[in-house]
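Quick note on our numbering: the sequence shown kicks off at 65 and runs consecutively.
Derived by calculation from the structure, the hints in this document are not laboratory data.
Any given hint could turn out to be false.
Stated by the list, open to error - Listed next, with one range per pair, are the computed distances between beta-carbon atoms: (1) Ser373 / Asn287: 26 to 32 Å; (2) Ile228 / Arg208: 44 to 50 Å; (3) Asp267 / Cys392: 44 to 50 Å; (4) Pro365 / Asp315: 23 to 29 Å; (5) Phe249 / Ser318: 52 to 58 Å; (6) Glu319 / Phe249: 50 to 56 Å; (7) Arg265 / Glu319: 26 to 32 Å; (8) Leu381 / Leu268: 28 to 34 Å; (9) Pro365 / Gly408: 36 to 42 Å; (10) Ala264 / Asp375: 32 to 38 Å.
C-beta atoms are modelled at their ideal positions from N, C-alpha and C, and glycine is treated no differently.
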Amino acid sequence: GGGTRAEPPNLSQLAARPSAAKPLLAAAAAPMALLTLRFSTSMSAAATERYMELRDAHVKPHFLMRQVEYAVAEMLPDSTRMQAHYFDNAGELFELRDDTVKQALGHVQMPPTGGPTLNILLAACSADTIRGLRAKLCQEMELRSKFQEEAHSKSTEVALFHDIISGLRAELREEQRASQYLVDFLRQDLSLKEAALDQARADLDRAAKTLELEHSAQARDPNMSAKVLRSEPEMAGVEVGCSDDPAACSDVSSEFRAELERLGCQQAFRVGRAKVEANQDPFPIVYAVTVENQGQTSWPPTSMLVHESGDSLGLPLVELMPVAPGGCANIALELLVPKKSEVGSSISTWVMRDVATGRPLGPILIFDAEWVESPVLEG
65 GGGTRAEPPN
75 LSQLAARPSA
85 AKPLLAAAAA
95 PMALLTLRFS
105 TSMSAAATER
115 YMELRDAHVK
125 PHFLMRQVEY
135 AVAEMLPDST
145 RMQAHYFDNA
155 GELFELRDDT
165 VKQALGHVQM
175 PPTGGPTLNI
185 LLAACSADTI
195 RGLRAKLCQE
205 MELRSKFQEE
215 AHSKSTEVAL
225 FHDIISGLRA
235 ELREEQRASQ
245 YLVDFLRQDL
255 SLKEAALDQA
265 RADLDRAAKT
275 LELEHSAQAR
285 DPNMSAKVLR
295 SEPEMAGVEV
305 GCSDDPAACS
315 DVSSEFRAEL
325 ERLGCQQAFR
335 VGRAKVEANQ
345 DPFPIVYAVT
355 VENQGQTSWP
365 PTSMLVHESG
375 DSLGLPLVEL
385 MPVAPGGCAN
395 IALELLVPKK
405 SEVGSSISTW
415 VMRDVATGRP
425 LGPILIFDAE
435 WVESPVLEG
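Using the sequences and the accompanying hints, generate a full structural model.
Okay, here's the thing in structure tokens:
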């Protein structure tokens, strides 16, 4: 309102100024002047009206609020909560309460016909609606709480997962460091062992050479020596396809120098060579070998001609008689050349040794055998 006036205007004055929108702060002079309360709701297009004395509305504003409550009870019978608004002269909406009734009366309108009117808009909410809204709110709150719990649980799981991943990564890094350390250690150890193995091989080679030299030095006894003078065939098989090469009987020490050093001998002598046709039956051949004692002592009674390498040709060893220095011994080599189906060659060797000590007396006796293809006969 705009303040209190000493003399409120009467209805005739208000009727004379229907378009005026001035506050109505006092009742009209006429005792039966009525105030029309026009009620409407947002849920219904229909409207209802109630009437009360204008003076009572001004003097006892709570009477107006009772009229509002009655209208709500009729228009919205299921409501449990009421809210009322009024329109001011500019059409704006304000809440109507016990403490705002007088302000609302200041916006009473005077239509072209009829008495003063106060337009009131009612809004109410039923218990079912409140319960529905409350249930929906509770459901939303429960869903939000559940979502928050799930989010918290998920965040906890994610944090735990991150911790596990971090732990696994740390363990992996530690294992990688340990593995790399082990690989480096094994590589270093392998290098050391390879170097030690190379050194051991070198030492073994030196020791073998030293032993071989010592064995050769011990084997060559200057006081006991023998030398082959000649070799002659005494008998050869008469079968077709067998032949002997007498010219092959000679000293071949230059060809077998490595073998002489290995065995500690002084002479290599080829006692004979035979050519045999492939698939030829075995045939015997005998060589008479003359050996001279060129040492300073007699050969011991344990002297023998011992097979050393290749095919023994049926002659593993030959016992030798003691021979004085400067004397000669005639050794009969009775050989049996075997049958072979394919062409090829072989070398057989024998060494004169003192079998009691293993020392060689000097010479190596060598026999060559060669198997050749059979000649093709014409006609």
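For each hint, the structure was consulted:
1. Ser373 / Asn287: 26 to 32 Å: Once the Cβ atoms are compared, 27 Å apart, the range 26 to 32 Å for Asn287 and Ser373 holds.
2. Ile228 / Arg208: 44 to 50 Å: Between Ile228 and Arg208, where Cβ atoms are some 30 Å apart, the hint is violated.
3. Asp267 / Cys392: 44 to 50 Å: 46 Å, holds
4. Pro365 / Asp315: 23 to 29 Å: 28 Å, holds
5. Phe249 / Ser318: 52 to 58 Å: Since Phe249 and Ser318 have Cβ atoms about 55 Å apart, the given range 52 to 58 Å holds.
6. Glu319 / Phe249: 50 to 56 Å: Once the Cβ atoms are compared, 54 Å apart, the range 50 to 56 Å for Phe249 and Glu319 holds.
7. Arg265 / Glu319: 26 to 32 Å: Once the Cβ atoms are compared, 30 Å apart, the range 26 to 32 Å for Glu319 and Arg265 holds.
8. Leu381 / Leu268: 28 to 34 Å: Since the Cβ atoms of Leu381 and Leu268 sit about 32 Å apart, the hinted range of 28 to 34 Å holds.
9. Pro365 / Gly408: 36 to 42 Å: Hint holds: Cβ distance 39 Å, inside 36 to 42 Å.
10. Ala264 / Asp375: 32 to 38 Å: 37 Å, holds
Checked against the numbered hints given earlier, the structure breaks only hint 2 and satisfies all the rest.
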